[in-house]
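J.: Numbers in this note's numbering are just positions in the sequence shown, counted from 1, shifted up by 1.
Honestly, the hints are just simulated from the structure, not real lab data. Ideal Cβ placement from N, Cα and C applies to all residues, glycine included. It cannot be assumed that every hint is accurate.
[As the list claims (entries may be wrong)] With a straight-line Cα cutoff of 30 Å, these simulated DSBU-like cross-link-like pairs (lysine-lysine) come out:
1. K140 / K170
2. K293 / K257
3. K83 / K272
4. K293 / K97
5. K272 / K119
6. K221 / K236
[What the hints assert, rightly or not] Cβ pair distances, simulated, as ranges:
7. D287 / S217: 34 to 42 Å
8. K264 / S217: 44 to 52 Å
9. T243 / Q114: 36 to 44 Å
10. D117 / Q213: 27 to 35 Å
11. D117 / E204: 38 to 46 Å
12. I167 / V300: 39 to 47 Å
13. A169 / E58: 51 to 59 Å
14. A258 / S133: 47 to 55 Å
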Amino acid sequence: MNYNLITILGPTAVGKTRLAAQLAFHFNGEIISADSRQVYKYLDIGTGKDFSDYIVEGKQINHYLIDVIELPDEFNLFDFYKNFFKYYHQITERNKQPFLVGGTGLYLSSIVQNYDLKETENESELIETFQSKSYDELKKIYLELNPNPHNITDFATKERIIQAIIVAKAQKPVENKIHINSLNIGVNPGRDVVKKRIKERLERRLNEGMIQEVESLLNKNILSERLIRLGLEYKFITEYLTGEISFDKMKEDLYKAICAFAKRQMTWFRKMEREGVKIFWLTEPDFESAKKIIEKEYVFPH
Numbered sequence: 002m003n004y005n006l007i008t009i010l011g012p013t014a015v016g017k018t019r020l021a022a023q024l025a026f027h028f029n030g031e032i033i034s035a036d037s038r039q040v041y042k043y044l045d046i047g048t049g050k051d052f053s054d055y056i057v058e059g060k061q062i063n064h065y066l067i068d069v070i071e072l073p074d075e076f077n078l079f080d081f082y083k084n085f086f087k088y089y090h091q092i093t094e095r096n097k098q099p100f101l102v103g104g105t106g107l108y109l110s111s112i113v114q115n116y117d118l119k120e121t122e123n124e125s126e127l128i129e130t131f132q133s134k135s136y137d138e139l140k141k142i143y144l145e146l147n148p149n150p151h152n153i154t155d156f157a158t159k160e161r162i163i164q165a166i167i168v169a170k171a172q173k174p175v176e177n178k179i180h181i182n183s184l185n186i187g188v189n190p191g192r193d194v195v196k197k198r199i200k201e202r203l204e205r206r207l208n209e210g211m212i213q214e215v216e217s218l219l220n221k222n223i224l225s226e227r228l229i230r231l232g233l234e235y236k237f238i239t240e241y242l243t244g245e246i247s248f249d250k251m252k253e254d255l256y257k258a259i260c261a262f263a264k265r266q267m268t269w270f271r272k273m274e275r276e277g278v279k280i281f282w283l284t285e286p287d288f289e290s291a292k293k294i295i296e297k298e299y300v301f302p303h
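Just need the whole structure built from these sequences, with the hints factored in.
T.: Following this line, the structure appears as structure tokens:
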């Protein structure tokens with residue numbers, strides 16, 4: 002197969018980032034991150050942002066979609082999808098090899114499995130525009146967009162027609178989208194090893210100041226509800242800092258939640274495989290083993 006992307010995936014706490022950086026250094030590549038939380042600024046210890054991972058033999062490996070979004074702003078699947086293709090083309094135009102690296106299953110699938118996501122227009126602006134129109138005018142606009150409606154309840158009220166028009170108009174394709182054929186390398190040391198590493202990492206991060214990191218976010222007037230929505234470390238530590246749970250309960254529940262998260266990640270990757278995605282699995286983030294897979298399977302452009 003003619004591949005045009007190398008993807009490194011796996012559950013949390015297995016060393017994906019460092020492996021990807023080593024491979025990118027060797028194969029003249031750059032990295033696009035598929036991590037739904039590392040994209041945010043100030044979420045450093047809790048998300049495991051270690052920028053030294055991207056330095057190989059003294060060289061900084063270029064990486065994208067890490068530490069770029071300000072809280073409380075949101076970054077969703079479509080934002081990732083659109084930005085992936087933007088950076089993909091920037092990387093290839095410099096004759097570099099793109100690497101996609103991370104553990105957010107939906108982000109990875111959207112690229113590796115070639116989801117056809119569409120860009121929605123600004124909903125609030127559309128609603129404002131359509132509110133001034135009559136019921137009959139709106140019905141005419143909708144029928145022009147969708148001549149054969151399946152759901153007559155879309156015509157029940159003016160508000161329903163406006164929503165139906167917004168849905169019908171939300172079909173703007175992403176610029177620069179291309180078909181991706183990804184060579185996928187997964188790292189999975191097994192559940193027991195992952196759980197042990199999660200426990201060790203949790204202790205280390207608490208000692209490094211993870212609680213103080215969340216405290217500083219609350220002091221920046223980031224609402225506790227927003228931090229809780231980020232999940233895992235930010236959820237449980239926020240609940241501890243706001244007095245909802247004790248330190249011991251926070252630590253115990255957080256460990257269990259991260260282990261459950263790692264299990265869900267592996268469930269997602271197995272689902273990808275059942276849907277036809279080939280993943281070359283390694284039990285450790287071993288550079289030589291991954292390099293051999295790439296050298297055997299990937300045809301680099303001359």
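J.: Look at each hint and say if it fits the structure.
T.: Quick rundown of the hints versus the structure:
1. K140 / K170: 14 Å, holds
2. K293 / K257: Roughly 36 Å separates the two Cα atoms, so the pair is violated.
3. K83 / K272: Cα-Cα ~24 Å, so holds.
4. K293 / K97: Holds, at roughly 19 Å.
5. K272 / K119: 24 Å, holds
6. K221 / K236: Holds. K221 to K236 sits at ~16 Å (cutoff 30 Å).
7. D287 / S217: 34 to 42 Å: At roughly 37 Å between Cβ atoms, S217 and D287 fall inside 34 to 42 Å, so the hint holds.
8. K264 / S217: 44 to 52 Å: 31 Å, violated
9. T243 / Q114: 36 to 44 Å: 39 Å, holds
10. D117 / Q213: 27 to 35 Å: 43 Å, violated
11. D117 / E204: 38 to 46 Å: At roughly 43 Å between Cβ atoms, E204 and D117 fall inside 38 to 46 Å, so the hint holds.
12. I167 / V300: 39 to 47 Å: This hint holds: roughly 44 Å between Cβ atoms.
13. A169 / E58: 51 to 59 Å: 53 Å, holds
14. A258 / S133: 47 to 55 Å: 48 Å, holds
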